[in-house]
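K.L.:
So you can see what is in the structure, the chains are spelled out below.
2 protein chains.
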Amino acid sequence: MKAVGQVRKRGPLSRTAIAELLDTSRASVTSIVGNLMEMNVLTEVGHGKSDGGRRPRLLDINAGLGFIAGVDIGATSVDLALADFRGEILERRSDVADVRTAPDQLLNTINDMVSEMLNQHGADDSHLLGIGMGVPGPVHFPTGVLIRPPLMPAWEGFPIKDFLRDRFPNARPVVDNDVNIMALGEASVGGGVGLDNFFYIKIGTGIGCGIIVDGEIYRGSDGCAGDVGHICVDYNGPICHCGNAGCLEFMAAGPAMAEKARLAAKNGEGKLLAKALKDKDGQLTSVDVGEAAAAGDQAANKIIEESGRMIGGVLAGLVNFYNPKAIFIGGGVSNIGHQFLSTIRQATLRRATALSTRSLQIDYSKLGSDAGVHGAIWLAIENTFALA
Amino acid sequence: MKAVGQVRKRGPLSRTAIAELLDTSRASVTSIVGNLMEMNVLTEVGHGKSDGGRRPRLLDINAGLGFIAGVDIGATSVDLALADFRGEILERRSDVADVRTAPDQLLNTINDMVSEMLNQHGADDSHLLGIGMGVPGPVHFPTGVLIRPPLMPAWEGFPIKDFLRDRFPNARPVVDNDVNIMALGEASVGGGVGLDNFFYIKIGTGIGCGIIVDGEIYRGSDGCAGDVGHICVDYNGPICHCGNAGCLEFMAAGPAMAEKARLAAKNGEGKLLAKALKDKDGQLTSVDVGEAAAAGDQAANKIIEESGRMIGGVLAGLVNFYNPKAIFIGGGVSNIGHQFLSTIRQATLRRATALSTRSLQIDYSKLGSDAGVHGAIWLAIENTFALA
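Heads up: the sequence lines are chains W and X, in that order. Take 1 as the starting number for the first sequence in the numbering used here and just add one per residue. Take 1001 as the starting number for the second sequence in the numbering used here and just add one per residue.
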């Protein structure tokens, strides 16, 4: 399936190009491609440029091979998409969801939505050939089972893949941590296209990181790489729910910003924050902080700067260590405006070494809230071909 | 050259095994192997186990193909070795060296030593086929040129590879950062054999890190990955020579330990340290601190614990991020005894997440001061085959 992998990564290729990329003979590739075309995996899609002789026929993945579903489960919502085998999204859905509900219940709701999307395209459950799912918790990747997930304890050990297979008998399921699939989405169709190594940082209720090495998700030796939310920013800081002092996410993520805003409003430090608190019945979020800051509320600005500085300080250390080409920032808190990004950039560049930031790009995710579904689709496509 | 790569990594292999590993036909491998044997790159070294039929002939790299030199330049010393193409060290040298001297002068001394070793084995300069060199500073790997090296400013931009080629016309030279080659040494013949991903941390005058991903050196997008010495451990700490406050190496490496020991001795806090200071004419090193601590000096113990805790704190963050299988610690300060290692371990395990430390091994380097030369040899062998 190496020929398919090359086509997937590089787009339409000639047989000669595939032979060169795989360092094998043209004759051998012709035979492999013949088999893959018989299986309807590859298809000819026109002609490439001539090298002097006849223009070569180009091969691409057969978009009509079947359907792929991508599912991105968040703490309070679920995003879904139905796609073809080239990763083109055919239909997109979003819904509220509560991950604290029993897994079979939420998964049934999701499966029903996937079935509906299939039906819309004249297909039924049997036509789904791959399903990729991102979940907000630590995943044992080979089995697709959640391990001690703090946000969704009822899912611990639940056989998600078996459950999906029962409904979609021809679909190969794959389950991964939500941040990993977002990073893969960014790598496949977002700002990370063509970059060998970068991070995707999700800042929301928690802070997590997806790491791309050589264009692939890096999972580490136990599958939990990227757990940056519990890196210490203050050894004398408040005690996080994990039991340690001064964890980054406990001090800088969405809930910390909201709580600081609530206190500032109560203490009369932020007039716009106080107004927002009143308008929203005592419930503030990081987005309210962003709006107040944009409107000139000093207390709100200070909250954003504090979070940005802490996050940038940790990123600076990771940049020194890992020397990535780019950092993309996503998650709910990335919607609070440009000042937050700007503070993160400044803090990262101030503390990281000059060498490691020479060509470093720090930006919000290009895909926004679509990163997860795109990544889930691509993970499912990769998984289908890797094991086919 | 993929067949050679497999043999180098896995030891003697049969043609069938090579065909399976490369996912290609037995016939194609037989033809490739025939060519490599004619070129004297591969040689038959006996028979493997039978699978039922005839016992297969095993192929290994031809140790007699030529000579490889490995050079590890430290701030105050140089380690060299002459090896064969299987990485077996034939001869080993060490000498004092000062990297502040002009590059051509030091390199000439090194080249003379390499020539002497070749002569000892009945060979001359023309028989050297590869030379790998580690240098204590940031290297632009493709060109092998040092970029703003703080310890050896006179080497900035010096064409090391050209200089080596002038002396050894048949040797393919390769130059890398010293910590990278130590990590590669550990991966090739040390504690990292068979581990997909680990760090090698060198603690000496500075603190640096070599990162292994999938068994290879990870260099990052600008070639400066692993620069952990300037990760911040205290935003209110003293100003490092890099201009930032509270850098790890400025607060925890050898010179910081020696300076704390000197102060403790002067202030009458450590009797054994005071005695050492007197015995050594006012010059203490981290090794003196280790000896005083082992003999029960409380001030010395405190110095070791402070450094260990700071280093472990930073490692904990990197473990959360990267989830390595192991961390190996080398460099001069790793010679100060077990208490230092023990403190680093405790601090790392206390702060890192439970998931990421499930199977984490933290140990001193298995190769000690030989890690660099072994790595330089393996880098040279890889480099010779990759481009041959």
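Treat the hints as calculated values from the structure; they're not laboratory data. The beta carbon of each residue, even a glycine, is placed where N, CA and C say it ideally should be. A couple of the hints might just be wrong.
Stated by the list, open to error - To spell it out: a stretch of chain W is covered by chain X in this simulated footprint if at least three of its residues, at any positions, have a beta carbon under 8 Å from a beta carbon of chain X; those stretches are:
hint, region
1, 74 to 87
2, 308 to 321
As the list claims (entries may be wrong) - Cut-off 30 Å, straight-line C-alpha distance, at most; resulting in silico cross-link-like pairs (DSBU-like, lysine-lysine):
hint, chain 1, residue 1, chain 2, residue 2
3, X, K1002, W, K9
4, X, K1161, W, K2
5, W, K325, X, K1278
6, X, K1302, X, K1275
7, W, K280, W, K2
8, X, K1325, X, K1275
9, X, K1266, X, K1278
10, W, K271, W, K9
11, X, K1161, X, K1002
12, X, K1302, X, K1366
13, W, K9, X, K1266
14, X, K1002, W, K325
15, W, K325, W, K275
16, X, K1009, W, K2
17, X, K1325, X, K1266
18, X, K1275, W, K325
19, W, K2, W, K302
20, W, K161, X, K1325
21, W, K161, W, K278
22, X, K1002, W, K2
23, W, K161, W, K2
Unchecked claim - Now the in silico label distances, taken between C-beta atoms and shown as ranges:
hint, chain 1, residue 1, chain 2, residue 2, range
24, X, D1098, W, D196, 31 to 41 Å
25, X, A1123, W, S50, 45 to 55 Å
26, X, A1154, W, R10, 56 to 66 Å
27, X, R1148, W, D196, 17 to 27 Å
28, X, Q1361, W, D214, 18 to 28 Å
K.L.:
Each hint: holds or not?
P.N.:
Hints and how they fare:
1. With a cut-off of 8 Å between beta carbons, the region 74 to 87 of chain W has 0 residues touching chain X; three or more are needed, and the interface restraint is violated.
2. Remark: the region 308 to 321 of chain W is confirmed as covered by chain X, as 7 of its residues place a Cβ nearer than 8 Å to a Cβ of that chain, reaching the required three.
3. For the hint pairing K1002/X with K9/W, the CA-to-CA distance comes to about 22 Å; that is within 30 Å, so the pair holds.
4. Restraint check for K1161/X and K2/W: the C-alpha separation of about 36 Å exceeds 30 Å, so the hint is violated.
5. Of the pairs offered as hints, the one joining K325/W and K1278/X is violated, with about 51 Å between alpha carbons and a cut-off of 30 Å exceeded.
6. Pair hint K1302/X plus K1275/X holds up; C-alpha atoms about 17 Å apart against a cutoff of 30 Å.
7. Of the pairs offered as hints, the one joining K280/W and K2/W is violated, with about 55 Å between alpha carbons and a cut-off of 30 Å exceeded.
8. Only pairs whose Cα atoms come within 30 Å are accepted, and K1325/X paired with K1275/X is rejected, the gap being roughly 42 Å.
9. Using a Cα cut-off of 30 Å, the hinted pair K1266/X and K1278/X holds, with the two alpha carbons roughly 10 Å apart.
10. Note on K271/W and K9/W: the hinted pairing is violated, with a Cα-Cα distance of about 52 Å set against a maximum of 30 Å.
11. Proposed proximity of K1161/X and K1002/X is supported: the alpha carbons are some 25 Å apart, at most 30 Å.
12. Of the supplied pair hints, the one linking K1302/X and K1366/X holds, its CA atoms being roughly 26 Å apart against a limit of 30 Å.
13. Restraint check for K9/W and K1266/X: the C-alpha separation of about 64 Å exceeds 30 Å, so the hint is violated.
14. Of the supplied pair hints, the one linking K1002/X and K325/W holds, its CA atoms being roughly 29 Å apart against a limit of 30 Å.
15. This hinted pair does not check out: K325/W and K275/W have alpha carbons roughly 41 Å apart, beyond 30 Å.
16. Between K1009/X and K2/W, the direct Cα distance comes to roughly 22 Å. Compliance with the 30 Å bound is thereby established for this hinted pair.
17. Between the alpha carbons of K1325/X and K1266/X the distance comes to roughly 42 Å, so the proposed pair goes past 30 Å and is violated.
18. As the CA atoms of K1275/X and K325/W are separated by approximately 51 Å, the hinted pair breaks the 30 Å bound.
19. Note on K2/W and K302/W: the hinted pairing is violated, with a Cα-Cα distance of about 52 Å set against a maximum of 30 Å.
20. Between the alpha carbons of K161/W and K1325/X the distance comes to roughly 27 Å, so the proposed pair stays at or under 30 Å and holds.
21. As the CA atoms of K161/W and K278/W are separated by approximately 45 Å, the hinted pair breaks the 30 Å bound.
22. The hinted pair formed by K1002/X and K2/W meets the criterion: a straight-line CA distance of about 16 Å does not exceed 30 Å.
23. Distance hint between K161/W and K2/W is fulfilled; the C-alpha atoms sit about 25 Å from each other, no more than 30 Å.
24. With their beta carbons about 37 Å apart, D1098/X and D196/W fall inside the hinted range of 31 to 41 Å.
25. A hinted range of 45 to 55 Å holds for the C-beta pair A1123/X and S50/W, which are about 52 Å apart.
26. Hint check: A1154/X to R10/W, Cβ distance near 45 Å, so the stated range 56 to 66 Å is violated.
27. Judged by the Cβ atoms, the range 17 to 27 Å given for R1148/X and D196/W holds: they are separated by roughly 24 Å.
28. For Q1361/X paired with D214/W, a C-beta distance near 25 Å keeps the hint of 18 to 28 Å intact.
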